[in-house]
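Those protein sequence lines, which keep their order, are chains A and B.
Using UniProt numbering, you'd call the opening residue of the first sequence number 1 and step up by one each time.
Using UniProt numbering, you'd call the opening residue of the second sequence number 1 and step up by one each time.
Worth flagging that the hints you see were computed from the coordinates, not collected in a lab.
Watch out, some of these pointers could steer you wrong.
[Said to hold, decoys possible] The following label-pair restraints were derived from C-beta to C-beta distances: (1) Ser94/A x Phe194/B: 23 to 29 Å; (2) Leu139/A x Gly53/B: 34 to 40 Å; (3) Ala200/A x Gly103/B: 20 to 26 Å; (4) Leu71/A x Trp239/B: 53 to 59 Å; (5) Trp239/B x Arg123/A: 52 to 58 Å; (6) Gln345/B x Ala190/A: 41 to 47 Å; (7) Ala189/B x Ala200/A: 36 to 42 Å.
All C-beta atoms, glycine included, are put in the ideal place defined by N, C-alpha and C.
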Amino acid sequence: MTDRGDEPRPNGNGVAEHPPADGQAPDRDRAESPHPESTGTEGSDLGEAVREVEAAAHEHRPPAGPLANALTAGAVVVLGVAAVLGSWSLGVGSASTPGPGTWPLLVSLALVVLGVALLAGARRASDAERFSRSSWLVLAGIATMVGFVAVIEVVGFEIPAALLCFVWLRFLGRESWRTSVLTSLGVVVAFYAVFVAALAVPIPHLF
Amino acid sequence: MDLSPVLDGFGVVLEPTNLLYCLIGVVIGMLIGVLPGLGPAATIAILLPVTFGIEPVTAIIMLAGIFYGAQYGGTITSVLLRLPGEASSVVTVFDGHAMARQGRAGTALGIAAIGSFVGGTVSIVALSLLAPVVAGFALDFGPPEYTALALLGILLVATVSSGNRQKAVIAACVGLLLATVGRDGFTAAERFTFDNLSLADGLDFVPIAMGLFGLGEILYNLEERHRAVQAPVAVTNVWPSRADLRQSSGAIGRGSVLGFLLGILPGGGATLSSLAAYALEKRRAKDPARFGRGAVEGVAAPESANNAAATSSFIPLLTLGIPANATMAVIFGALLIQDVTPGPQLVTEEPELFWGVVNSMYLGNILLLVMSIPLVGLFVRILRVRATILAPITVLITLVGVYTVNNDVFDIVLVIVFGALGYLMRKLGFDPGPLVLAFVLGSLLEDSLRRSLLIFDGDPTGFLTRPISGTLFAAFLVVALLPPVRAALARRRTPNPTNRTKEHL
Numbered sequence: 001m002t003d004r005g006d007e008p009r010p011n012g013n014g015v016a017e018h019p020p021a022d023g024q025a026p027d028r029d030r031a032e033s034p035h036p037e038s039t040g041t042e043g044s045d046l047g048e049a050v051r052e053v054e055a056a057a058h059e060h061r062p063p064a065g066p067l068a069n070a071l072t073a074g075a076v077v078v079l080g081v082a083a084v085l086g087s088w089s090l091g092v093g094s095a096s097t098p099g100p101g102t103w104p105l106l107v108s109l110a111l112v113v114l115g116v117a118l119l120a121g122a123r124r125a126s127d128a129e130r131f132s133r134s135s136w137l138v139l140a141g142i143a144t145m146v147g148f149v150a151v152i153e154v155v156g157f158e159i160p161a162a163l164l165c166f167v168w169l170r171f172l173g174r175e176s177w178r179t180s181v182l183t184s185l186g187v188v189v190a191f192y193a194v195f196v197a198a199l200a201v202p203i204p205h206l207f
Numbered sequence: 001m002d003l004s005p006v007l008d009g010f011g012v013v014l015e016p017t018n019l020l021y022c023l024i025g026v027v028i029g030m031l032i033g034v035l036p037g038l039g040p041a042a043t044i045a046i047l048l049p050v051t052f053g054i055e056p057v058t059a060i061i062m063l064a065g066i067f068y069g070a071q072y073g074g075t076i077t078s079v080l081l082r083l084p085g086e087a088s089s090v091v092t093v094f095d096g097h098a099m100a101r102q103g104r105a106g107t108a109l110g111i112a113a114i115g116s117f118v119g120g121t122v123s124i125v126a127l128s129l130l131a132p133v134v135a136g137f138a139l140d141f142g143p144p145e146y147t148a149l150a151l152l153g154i155l156l157v158a159t160v161s162s163g164n165r166q167k168a169v170i171a172a173c174v175g176l177l178l179a180t181v182g183r184d185g186f187t188a189a190e191r192f193t194f195d196n197l198s199l200a201d202g203l204d205f206v207p208i209a210m211g212l213f214g215l216g217e218i219l220y221n222l223e224e225r226h227r228a229v230q231a232p233v234a235v236t237n238v239w240p241s242r243a244d245l246r247q248s249s250g251a252i253g254r255g256s257v258l259g260f261l262l263g264i265l266p267g268g269g270a271t272l273s274s275l276a277a278y279a280l281e282k283r284r285a286k287d288p289a290r291f292g293r294g295a296v297e298g299v300a301a302p303e304s305a306n307n308a309a310a311t312s313s314f315i316p317l318l319t320l321g322i323p324a325n326a327t328m329a330v331i332f333g334a335l336l337i338q339d340v341t342p343g344p345q346l347v348t349e350e351p352e353l354f355w356g357v358v359n360s361m362y363l364g365n366i367l368l369l370v371m372s373i374p375l376v377g378l379f380v381r382i383l384r385v386r387a388t389i390l391a392p393i394t395v396l397i398t399l400v401g402v403y404t405v406n407n408d409v410f411d412i413v414l415v416i417v418f419g420a421l422g423y424l425m426r427k428l429g430f431d432p433g434p435l436v437l438a439f440v441l442g443s444l445l446e447d448s449l450r451r452s453l454l455i456f457d458g459d460p461t462g463f464l465t466r467p468i469s470g471t472l473f474a475a476f477l478v479v480a481l482l483p484p485v486r487a488a489l490a491r492r493r494t495p496n497p498t499n500r501t502k503e504h505l
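For reference, chain B alone in the conformation it holds in the complex:
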């Protein structure tokens, strides 16, 4: 493998300006990420406007910083407040918060930082080796393959998302419809614009992501305002002891590898891998009863795994142009805004950019480790600031921030509309993640579908006769049909389902 572009990438990343922006990214990513309830997708969405007007590579480096900072911010709230920022740190709550109650919050956060660092680094090294290979393989993909890939990606994300699968697919369909708003790329016909000039160019990604993830989340949390706020526990001694390190090193190693492997799969890799890593450690442990009562491996394994998975989920994004989960969808949107179209051509055509992106992850990861441990005290102090005070500030950051993207008041209107929609969706059990993902992939999917139909001269069986797209479609059918079939079988097995539901109630 030719190493010179990789090394050039490091040269770019290590320029003082880029270092500075990465540092700023990590810090503000953590700052917003520790706001209770705001997960990485919401944090990155709220901070999207910050990255505009900066040079692409620098902006991407800053995004990597925000990404890692936001990830770790969720860990901090899991441990200290028992509030996981997103599904991937839910399992951290079990042992992390138990440790905090025993006065070992610092150790939990320290181990989480070290585990995240190791997991992330393992994953980036593997990504550097694997990504060009996958990209090379994907270079031959034509429209039919992309159609199949995008459909499968959306379906997988909807399937693995938390909550009702049917509702997740509905959300994805709405996202696909929203993506069609504006001028049709083929015929220049205006679609669903209702003669509104602001809609003629289509809906912008930023207000949708900021509204659904950011504002929606804040509004949803507003309902819990009157709940007694739990004061965060004091944090002392962030450096884990040697015994803790020894005890968790195996968990970190296994979590990293597991996280990397599961993260490549589209659809909530980070969540799945943190669960799997936790389960693995619990099964391996001599005394599984320790888990849930402050076992240090119970923090180390899922945190290593979710960071490794978060990093390796960049592989489908950077090599195929298919985001693997909601957070990646936001990053995908951010890259598009920087005029970077992730896809198989990125490695060969714009190596400095590709390796800049990859190497910025090393940097973000290192800064995370360096910054998080000394700064934990500061973040704990931020957590003491009541959510009631932070909420309006975040709202104003969102409203003013979205304006700065295009200097257009219409974007503020959009962000409010999508904020209200995001609240309603959460309330009614729809995961907004699939909507945003489908919106981001919508035009790619439609373009490739229409191109494929033109290639096949209108014969849809053409999708099935090409080996790769045929395989992908077969996988699509399996994923789509398996759950309902299994549910039907399960229902047949329990002869009287009404009794059963009553018992459950």
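In isolation and in its complexed conformation, chain A is listed as follows:
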């Protein structure tokens, strides 16, 4: 093993002996900005501070209720059971002659056990988020993509791409009509130039 002490340390020990001399810096910083969120880092527990920043990023995202947690855990169990049945039908073999279903069976059994454990703790769980009205935006976004892939082989990518872009801009992003129309057209032209004209990717296209 290479001795890790040999590792080059450009700014290593020499500097480390002298903690940065910064008499004036703290005063200036403190005078300028006593932000509310910086109090989060006051505590010595760094993990807590990190959690606080993460929580701040999620402040508009209330946690899901116990029913949603139970349903999630239930879905995991169902998936696990289905996979167990599927693996069983593949032929599980034995330990000395593993069959095609051996490994999937082991994994899906683990999945069932974990799912049941999750179900048991579902009431205490707090890490899932509640679906809100803005979750419909996501559904709409997925719908545009499904529409895109459904028609791309028939009419090429240009029209569905422009429509997808337009829906995302105008209805999901609340951009102005003008911005939405111009950006959608610009994006499709740019994609055409790059993928069809320059790279000659055989993506279905109309023109």
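Could you slot chain B onto chain A? The hints should help.
Leaving out everything else, chain B in the frame of chain A:
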């Protein structure tokens, strides 16, 4: 140590084409990486199709560029928008954004670039020395060792991942199951294909990574669209002053070393090391109260550490073939697509490739430093472009990009399915990282498990009697059982847990 392959590697890397691709990689890596919320794993996943159809070495060099660019892109959003791209730059937010509010955003970004460069370089030098040693050690590994190693790797990543550990392991199990879809390598039986021809060859890595990381992230961010968008602060004077440099040089040095050491460990090395480096600096500081209010060391230390760790997490990938975190899982997938199988044999059998990969990291790192400082102004302007406009463009890049991989519409379907799954997982508290990692390691794990069982003639105790696999399994058990046992002990210590939870609410 024989230096000639190392130097040959440099020769390869310094060819003008490769330089150009590395440069392009750094720039587009940063471009996509500054999109709010898109971390390195998502960025690299979205850009995977760009690297196809290029010669392997060139493609890998470009990937290194994308990797470093994406890493730094996350730093830019942390400092300017208070939006960390991924967990490893969360701590940068504290002091980086505080500095930005004081009008010192440029200094924060400059110090972050310099710290990243130093951390990355220290780490690459150490990697060049250490990787061949580890690879030599791992050459004797047989299927049982690989079984143990892959299991331990997946478990560690799931354990260290952010959020619920149980859910992370569930995600990993789903990834392992997804990896079994398609024809079984041993018996040619079709598994879980539901008579779909497109599934017969198994699921492709690219749509899964692009969907779960890329689209999933974009859809998740879509919900926050109506939140007031914070305008990024103006950036002036990117060059840190001499006083800033002097003040942060110790932090950069310590962060680099700490990052390198922690990065070798599987499982979110970059996150852990940035936290550890920040905590170390805060503890060492004469006046810890400065931290969180714009202390320059508070940016320098975690940024040096996370880049050093990101680089040293290449060691388990390149020498053992085990990716240490989600980003490495994406790189692993990208290397497999280039017909490069990372593993202990890589150093000896394909030295030009191995050293090409390692040396491309030097180059990516240098380009990062050279490009980021003058380009910061450009990226700030990109951040002014509203996320509502960038989101559909990124979606289209993903949809069209995934098509270009195999010229197959089915891949677009897959990317949408996994995008929706990625959204749901984020929403319900499952980290998609372990799923992708487990998917990438799935076939290796199953193969080596079945081979081992054949070797042992069906006796699973064989895993425990071999010294290395036995040790690894012991470690596996410790990691798997320690948290629940500790939780149980903690519960016993607080006699009335219901009261406690009420207080917390």
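Results of checking the hints against the structure:
no.: 1; hint: Ser94/A x Phe194/B: 23 to 29 Å; result: 27 Å, holds
no.: 2; hint: Leu139/A x Gly53/B: 34 to 40 Å; result: 35 Å, holds
no.: 3; hint: Ala200/A x Gly103/B: 20 to 26 Å; result: 48 Å, violated
no.: 4; hint: Leu71/A x Trp239/B: 53 to 59 Å; result: 54 Å, holds
no.: 5; hint: Trp239/B x Arg123/A: 52 to 58 Å; result: 55 Å, holds
no.: 6; hint: Gln345/B x Ala190/A: 41 to 47 Å; result: 43 Å, holds
no.: 7; hint: Ala189/B x Ala200/A: 36 to 42 Å; result: 39 Å, holds
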